[in-house]
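Chains as they are written, first to last, in full-length UniProt numbering: chain A, 1 to 297; chain B, 1 to 297; chain C, 1 to 297; chain D, 1 to 297.
Hint data in this document are derived by calculation from the structure and do not stem from the laboratory. Hints are supplied without guarantee of correctness; some may be wrong.
If several chains are the same, the list does not tell them apart, and a pair holds so long as it fits within one copy or across any two.
Claimed, not checked - Cross-link-like lysine to any residue pairs, in silico, SDA-like; alpha carbons within 25 Å at most:
| # | residue 1 | residue 2 |
| --- | --- | --- |
| 1 | K31 | M1 |
| 2 | K229 | Y289 |
| 3 | K214 | F123 |
| 4 | K158 | K212 |
| 5 | K270 | L89 |
| 6 | K270 | V6 |
| 7 | K270 | A159 |
| 8 | K212 | Y59 |
| 9 | K116 | K214 |
| 10 | K223 | D109 |
Number of protein chains: 4
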Amino acid sequence: MDINGVEIEDNFAEAFDIKVSRILITAATKKLALVAATEATGYGTSVIGCPAEAGIDCYVPPQETPDGRPGYVIMICNMNKDKLDHELLERVGMCILTAATTAVFDWLDEPDEKLKTGQKLKFFGDGYEQTIDVEGRKVHSIPLMSGDFCVEAELGIKAGVAGGNFFILAENQPAGLLAADAAVDAIEAVPGAITPFPGGIVASGSKVGSNKYKFLGASTNEKMCVTLKDEVEGCQIPEDVNGVYEIVIDGVDEDAVKAAMKAGIEAAVKVSGIIQISAGNFGGNLGKYQLQLHDVC
Amino acid sequence: MDINGVEIEDNFAEAFDIKVSRILITAATKKLALVAATEATGYGTSVIGCPAEAGIDCYVPPQETPDGRPGYVIMICNMNKDKLDHELLERVGMCILTAATTAVFDWLDEPDEKLKTGQKLKFFGDGYEQTIDVEGRKVHSIPLMSGDFCVEAELGIKAGVAGGNFFILAENQPAGLLAADAAVDAIEAVPGAITPFPGGIVASGSKVGSNKYKFLGASTNEKMCVTLKDEVEGCQIPEDVNGVYEIVIDGVDEDAVKAAMKAGIEAAVKVSGIIQISAGNFGGNLGKYQLQLHDVC
Amino acid sequence: MDINGVEIEDNFAEAFDIKVSRILITAATKKLALVAATEATGYGTSVIGCPAEAGIDCYVPPQETPDGRPGYVIMICNMNKDKLDHELLERVGMCILTAATTAVFDWLDEPDEKLKTGQKLKFFGDGYEQTIDVEGRKVHSIPLMSGDFCVEAELGIKAGVAGGNFFILAENQPAGLLAADAAVDAIEAVPGAITPFPGGIVASGSKVGSNKYKFLGASTNEKMCVTLKDEVEGCQIPEDVNGVYEIVIDGVDEDAVKAAMKAGIEAAVKVSGIIQISAGNFGGNLGKYQLQLHDVC
Amino acid sequence: MDINGVEIEDNFAEAFDIKVSRILITAATKKLALVAATEATGYGTSVIGCPAEAGIDCYVPPQETPDGRPGYVIMICNMNKDKLDHELLERVGMCILTAATTAVFDWLDEPDEKLKTGQKLKFFGDGYEQTIDVEGRKVHSIPLMSGDFCVEAELGIKAGVAGGNFFILAENQPAGLLAADAAVDAIEAVPGAITPFPGGIVASGSKVGSNKYKFLGASTNEKMCVTLKDEVEGCQIPEDVNGVYEIVIDGVDEDAVKAAMKAGIEAAVKVSGIIQISAGNFGGNLGKYQLQLHDVC
């Protein structure tokens, strides 16, 4: 299968269950909302080593938010519900409540359940907090030195999908990188999907475990490493490929992840110097979802 | 004491011991280095609820870096050495190694000791890693799908200072915010100091413990809350103040923190609508350092 | 009339006829499209002294553009059709054709007529240019050193409206500025309207002519200058106002300008420290349109 | 000659005399200064079709500016002194005076002469303007609606150098583009030099005149066009080159341009996929300066 002259390998992305929250951060200006969203989603590339997977989903103009101010939607995810509860509480409490002029609203459709994040944060008000109604939402208003911080009492979570992905195999590193950038721009327009790695891009696709170091849970995917082409047996990259980047996607459901994969791949193949699109999986034994590239595109 | 017509209160910032690392992240472009630096320093406002305090210190042009590429210096801090070791390993491993085209170098002068962060990360190479020399530094080169990631074998840490701070008391919230922005811009030019909160600014100065909720470790500083002026006994803000922001500073040593406080205060008082500069302390009982505003300025 | 406790003066913005073009700039990435859009709309605040009035209207995701790449819509305006023709040719030719990976499409609904901008630019190809079809559009593809540049053969223009405006009167400069920022963010979401001044904000509202210097066409609006309150007779600003910013809007038609004024005003009054919204006019003698604040809101 | 394995062709950049101004724009924050600098340097790629060549030179922290606020240094250039006088007046008057919180200072060392830009702009104050001293500089303070605008009375100009340049020949367009980005980042650190094209990069190197269309002053450099390799006789690009970008540099003197070329080339060759560095000239007949690549590097 080809798109725009680029081969789409007959392969699949192996994806996993994860619990997902999705919240809207509003602020006095677009820039102030972005500052808070960026802090709250940092250190959130993969639960392999980060306390959560997190990213910015999309921008919402003031005309469409509960408090009439511009906002960014972020997603915070973890396999474990208690850990997600903790991360949501701390990331909202330490990175958004502390940020200038912000407010937080639940922005998840069809939640499986609700966490009492706002309910817990209200105690920071030390008795001066108030419960108010914002467009039918129950919101706690907490007095701060700079003014009041509003946070919705309960924030929804649901079963989502983590680890949707595709590989961009390119003539060289810069071509792979530009295509990855284009893919991230396209995925930004898909609601309910984030690309949690730095700038949305993964430079270091990995395999489970390690051949040499038995104490390791994950190590470099040497068969896809461009500088090891002449060294590694069973190398899986074509001779003319010298740069490989991966896009990893978390979504509110399988459809969101598939739509993001499709948008990203279609954007990536428009960039010159792209040779092949592939995907990462573990033989289908680890993850619940097998997202076939030929089905997605 | 007055600067530019703004009263500098006779007060002090109470600051604490903290262990500090300081590393340089280089990349193919300034923007790519910033992407990695931003991810690695996110979720890092205060160890009250974040796993580290972290921030971007300054930009270094390609002419002055070990590998001739543009870079950003970041600082990652924690009171506890083992926790700092863990944070450094995970933030470099999950947020910089995974980012496009990056490399990491130690950038701390006069370290107390060195952590083997690079030494540990090299195992990700699963035997294909190499040790190279970059301008006299021992560096591990780890093959990735996109190319090779270089990280210095050992990264220095030292005893630094956390919690340097000052308050900006303003006629209204926007004036406090613009002055805070100006202060953060000025502190950016002070080497060895970061402002770890979102955008460098704290909207929610707190007190230790809580009057009403005994289970809380920290709660809002109600005597400095602008919307509680008529409600709280012992309110500490002048009648005409309606917006208060705090700048919190971590530094490699006391001098860096003092220089940052001075730079920030001098910048803040240039903004119109600023009424007073104060500082946050706990009566001098908790922190090792008492940074007097009248001494600093 | 009050919105959010802020007085909306019973006043009107006086607006003018202007000829408007509206084009879409696409590129390999969102950032590259923004670079070209920014260069092409620079030096374009007011035709009083700039060769055009120009600004970025909105972002269009790759899913909605003719070539499937991300893009920004810009508007370029001039009262005089020949001057607009010249500006469109030079700004596209010097600032977009020269920019990396860009393409240009007509993005104006219901044009009065079409200018042959692309038709003229194709000669740059020196005989190697080709005419192609992109989603039903006639496009010229011009070979460049970096690749090919595509530009639609004809670009539409129409009679639009310039000089829609409102004033934000604030307790101090920072409050006016934050409210102006919020207004610009809100107007961004109104299609067919731009705020051509730097960052969308005017610091220097003017009057026609000058009282003292007869050779001047325009001079400061001294009756609205915050630092002249005690000096100028007939001062028009309330005693407690110490910062006044103006938002100026150009639009494809009167409805777009009105929608932008409404969106901007509603955003501005949400910021604390705002005292009054007013508007700028010349007694109704100069401009064709009188946009009443009480009608718009 | 090779750097980092990339051939530096034995060729020269042909450069020209141009008159140069260099000014510092300060503002309340770094971002506000950047907004004004961006507007004032827009529509300024080449005097072939733009009214000036203009760009941002560097950032200056508040600690080093006359008014203690952060600032950006910009350069505005034109071959013709009267045109430069006009551009300086209009770009300062329409794009900086109108921008929020700005001030303008002369920032040119060893000027040949001074233009009375500030002296002329002061009339905008309609008699309310004042002359003040800022760190030994004669400055006019002009009352605006938002506050006062300060501009130094006289701004220096001097004979500088335009059209310094080099070509980046790459395996593909993305590699050329990433190398160009890296070059622009490196040149940013060279004082007195700007890269006036969009994002600092030229996608469309040209030749003087046209072979086919005699009415044209400039047309595409078909012998360097990557999509015409099989079509054009005398093609000057190696078979394996599929993307060529040019960096154009204006500087305050020949040394600044040479330093910028050196910095840019050294940065470009570090990017993977770069095959050759060349330069653009017109046989040495048009420009006063012949900047040899082998001499510069």
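Okay, the hints, checked on the actual structure:
Taking the shortest Cα distances, K31 and M1 never come within 25 Å of each other, neither inside one copy (42 Å) nor across copies (30 Å). For a Cα distance limit of 25 Å, the shortest separation of K229 from Y289 qualifies neither inside one copy, at 30 Å, nor across copies, at 46 Å. Taking the closest pair of Cα atoms, K214 and F123 come within 25 Å of each other only across two copies (10 Å); inside a single copy the shortest separation is 46 Å, beyond that limit. Proximity of K158 to K212 under the C-alpha cut-off of 25 Å is found in neither arrangement, the shortest distances being 38 Å within a copy and 34 Å between copies.
Proximity of K270 and L89 under a CA criterion of 25 Å is satisfied in neither setting, with 41 Å inside one chain copy and 28 Å between copies. Taking identical chains as interchangeable, the C-alpha atoms of K270 and V6 lie at most 25 Å apart only when both belong to the same chain, with a minimum of 9 Å there against 28 Å between chains. Taking the shortest Cα distances, K270 and A159 never come within 25 Å of each other, neither inside one copy (33 Å) nor across copies (37 Å). When the C-alpha separation of K212 and Y59 is checked against a cutoff of 25 Å, the pair qualifies neither within a copy, at 45 Å, nor between copies, at 38 Å.
Only between protomers do K116 and K214 lie at most 25 Å apart by alpha-carbon distance; the minimum there is 19 Å, versus 41 Å within a single protomer. In this assembly of identical chains, K223 and D109 lie within 25 Å of each other by CA distance neither inside one copy nor across copies; the values are 40 Å within and 39 Å between.
Hint compliance for this structure: hints 1, 2, 4, 5, 7, 8, 10 are not met, and every other hint is.
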